[in-house]
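*Asks:* Chains A and B, in that order, are what the protein sequence lines are.
Take 28 as the starting number for the first sequence in this note's numbering and just add one per residue.
Take 28 as the starting number for the second sequence in this note's numbering and just add one per residue.
In case anyone wonders, no lab produced these hints; they're calculated from the structure.
Quick caveat: nothing in here was measured; it's all calculated off a predicted structure.
Take these hints with a grain of salt, some might be off.
Where chains are identical, the list cannot tell them apart; a pair therefore holds if satisfied intra-copy or between any two copies.
Computed cross-link-like contacts, DSS-like style, restricted to lysine-lysine with a CA-CA straight-line distance of at most 30 Å [what the hints assert, rightly or not]:
(1) LYS71 to LYS40
(2) LYS29 to LYS40
(3) LYS71 to LYS35
(4) LYS39 to LYS71
(5) LYS84 to LYS29
(6) LYS35 to LYS84
(7) LYS71 to LYS84
Number of protein chains: 2
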Amino acid sequence: MKYDVEVKISLKKGMLNPEASTIQRALALLGYEVQDTDTVNIVKFSMDEEDTNAVEKEVDDMCQRLLCNPVIHNYEIQISPMRDE
Amino acid sequence: MKYDVEVKISLKKGMLNPEASTIQRALALLGYEVQDTDTVNIVKFSMDEEDTNAVEKEVDDMCQRLLCNPVIHNYEIQISPMRDE
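Extracted from the complex, chain A is given alone in its bound form (with noise of 0.2 Å):
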């Protein structure tokens, strides 16, 4: 079966987000106004497997292997079977 899979990865608590502070920045220099600025990425793919805990296994796999670095990220993975199928 096929299905779509959306991994969220976050900075943890605490490690510096240089990217979030230039945009924040930036954003002052222009006029706009915002705090706590954050950035998240998400990598999205589909996979065929059996059954969800099998996709829950592999992705978190993938997540320790080469997606995230466990040491200064946080990830969420979010599996749903794939919809037009």
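Based on these hints, arrange chain B on the given structure of chain A.
*Replies:* Quick look at chain B alone, frame taken from chain A:
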């Protein structure tokens, strides 16, 4: 009133996404077969405004001027009143 804002920035359909194709190739090298890899960036912040309409107008402005390149990006704005106030 304080609002939490989330801007989801993705490449328009048909734009090449080298980040996504590199991820897919690297996953394949590690033995994970995935398809249709795509990446999305989220910028989150909070801001003070009168009402949701005012927030939406201002954030749309920010997207056009700084956060996105309207030629190649799609963006989606999510606004929610801040919880803990």
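*Asks:* Now tell me, hint by hint, if it's right for this structure.
*Replies:* Okay, the hints, checked on the actual structure:
1. LYS71 to LYS40: Both, since 23 Å and 14 Å are each at most 30 Å.
2. LYS29 to LYS40: between (34 Å within a copy, 22 Å between copies)
3. LYS71 to LYS35: For LYS71 and LYS35, both the intra-copy (9 Å) and inter-copy (13 Å) Cα distances are at most 30 Å.
4. LYS39 to LYS71: Classified as both; 20 Å inside a copy, 15 Å across copies.
5. LYS84 to LYS29: within (15 Å within a copy, 39 Å between copies)
6. LYS35 to LYS84: both (16 Å within a copy, 27 Å between copies)
7. LYS71 to LYS84: This pair counts as both: shortest intra-copy Cα distance 16 Å, inter-copy 29 Å.
Every hint, counting from the list given before, is met by this structure.
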